[in-house]
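Let the hints inform the model, and build the full structure from the sequences given.
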Amino acid sequence: MATVITLKKQPYSFVGPVSAAAGGFAGLFVGTAQGSGLLGIILGATLMAGLAYGLMTLDLPRKTVRLGIAAVFAAVGFLLSGPMGLIIGALFGAFFGWFPAWLADGKYRASLPPYLTAREVLWHYTFRIICGLIFFFLIAPIVVVMPLSFNAENFFTFTPEMLRLDPDGYSLKHYQDFFQSNDWQAALRNSLTIAPVATLLSVSFGTLAAIGLSQPHVPFRQVIMAILISPMIVPLIISAAGMYFFYSRIGLQGTYLGVVLAHAALGIPFVIITVTATLVGFDRSLTRAAANMGANPVTTFFRVQMPLILPGVISGGLFAFITSFDEVVVVLFVGSASQKTLPWQMFIGLREQISPTILAVATILVCLSIALLTTLELLRRRSERLRGMSPG
Amino acid sequence: MKITTALLASTALVVTLSPATAQDMSNEMTIVSWGGAYQSSQQKAYSEPYVEMHPEVTVTWDESSNEAVAKLRAMNEAGNITWDLVDVVAADAIRLCDEGLAMEYDPDDLLAEGADGTSAEDDFGDLIVSDCFIPQIVYSTTFGYRTDMVGDTPPTEVCAVFDLEAYPGKRALEKRPINNMEWALYCDGVAKDEIYDVLATAEGQDQALAKLDTIKDDVIWWSAGADTPQLLADGEVVMGSTYNGRLFSVIVDQEQPVGMLWDMQVFDLDGWIIPEGLSDEELARVKDFVFFATDTQRLADQSQYISYGPARLSSAPLVGQHADLGIDMAPHMPTDPENAKNTLLYNYEFWADYRDDIDAKFQSWLVQ
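Residue numbers (UniProt numbering), protein chains in the order written: chain A, 1 to 392; chain B, 1 to 368.
These are computed hints drawn from the structure, not numbers from a lab.
Values in this document were obtained by computation on a predicted structure and should not be read as measured data.
Cβ coordinates follow ideal geometry from the N, Cα and C atoms, glycine included.
All the given hints hold, so there is nothing to weed out.
What follows is a set of in silico ranges between Cβ atoms, one per label pair, in the way DEER data are often shown:
| hint | chain 1 | residue 1 | chain 2 | residue 2 | range |
| --- | --- | --- | --- | --- | --- |
| 1 | A | V328 | B | I215 | 31 to 37 angstroms |
| 2 | A | S204 | B | Q363 | 44 to 50 angstroms |
| 3 | B | G79 | A | S285 | 54 to 60 angstroms |
| 4 | B | L345 | A | I130 | 55 to 61 angstroms |
| 5 | A | V143 | B | I215 | 31 to 37 angstroms |
| 6 | B | T153 | A | Q185 | 44 to 50 angstroms |
| 7 | A | A226 | B | Q363 | 34 to 40 angstroms |
Next comes the structure, spelled out in structure tokens:
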């Protein structure tokens, strides 16, 4: 970034339309919420065009103007929809006070290479907006659930009290319900007993299978691999129905063991895939060296191979755990009511009685998943660092 | 000598009175029901007192009544019946009975006499609509409306559902022809006692669908009992059909601005079936439980927790107050004379014969 970039002032013929477009886009959402999307677009666009014009002709100190605009937007938001509107208005105002100035001063080119053409700059920002939108649409449904789980009422509704940010509109009673209700606690216990055992089985079998299948002299490797991976590819409902009839015949249907085995079968492909991937980077001469020094294959595995492929094993195990912990279709078939897991309890709760307790549980599970995935990512980085350090 | 005879006689009496002794009964029982407030009313009124009397018994509840027919078929096919007692609506009981998946029973043998001494068969009367069906409650499907969205003239009759001018806004209707077709014909001017004659003809079915067409764009279709209460609480719909117990909970328990429309409520029955193929121990336990759970007092007890009418005549006078709210439950019963001025009874025979045809027609109308 040693290049000195001269920032050019941009003409209104550029700043005006772009600001108007952004204003129209924001107006679409505000307008839809207030009753008319079209009116929102028009108002937003004109407002922003005017704002940009004002900013460019009157040479006021930028900071003051930004604060002023944020305050005005916040006030309008408050009038339209109370305290929640105030916050949203302030955020909108802060953005739209900054946006035209950012355009007009040419700052949008500041962090880009100077040789980019206008079209490339446009694509640079369009790409970011598209990514942002994808991210938004993926995350928004999950985020919406979280405040709803603190609802004081027994419905999936943002009550007027909640929107006013009135403390009376919020409560922890659904969390309390989760921790005190026998049904939910039994489901939690079931999930917490089934998932770890299933994970343990998947990890042991999956790792062994991956190591075996990575030996070049094993016959029909591709075919065996395909069969082992198939639970991941075959539609779940088909595996579930098959398991149901098979387990019924051999007396495993409706037992803990049955559910654990079924979940282990679902988890094994994840372990095989991640462990196989780490084995690609594993240097076989290390096992030969160990053998040369008199270690038997078991010692070699635990002392040499296992520590090196451990990140793959752990991330496979995490996937297997999440698979078992989130699984509802197979357990509905293979389990009986005394093996009701959390997802099962959520499924019936959602169908028979829409209670925000489900949202409370969902929030807890989302936090748990985030924690697990963070662990996964940290492990991945550690493995990369280790690999970078290992010679060759 | 005399004492021994008396003792023997009393033991004999005890033995004949209790259907089976504790030794040859299974101590685990899986009961299938609907979940939610309904299941919890059954737990409080039936299974909790039963377990108190028989602490060795563990009861597991499975909330699978919605797919009971399909699951029982699968269990039967796999030769592995894991349910002991299943709560189903009468129409499902009839189907299960016809397919041989539910056990036929003799009311006077299996069920307790009424508290007033009437035989079980007479006490349940016509409500035993199938040889396998053990009735529990009478419920109704009826409409609720948002009191704050209907202006100064709240609806008083069911045809308000079809009146988009007086009551604009969305309506929630169940995603199946049953009930909707009847209401549509009734509001299209068909006399109540001719509804099923008309509905049996292709023209009649078209007439009902044409009537439903007038509001189709404003209908949100529901499939689970919890949907309409949620939609009403959200203000998403101005009125919607659901089970009367759900509406009771929305209005009285949750204190939402919702009113109840009893006009043309459709009565239906819900009760137990015992799956075919239980082992002797399991069957003995289930019979013992059913004997207890369907007696006059127990059926009346259930109405302390939910506003469904007990299926026994002799239970009606015992309906008391809500266990938590302390309000009289009688006025909230669908069978209360005030509420039951204009009603319809689910026509099991008609729907058994016509369900498949009309279902197909309804579904294809739905996607048009």
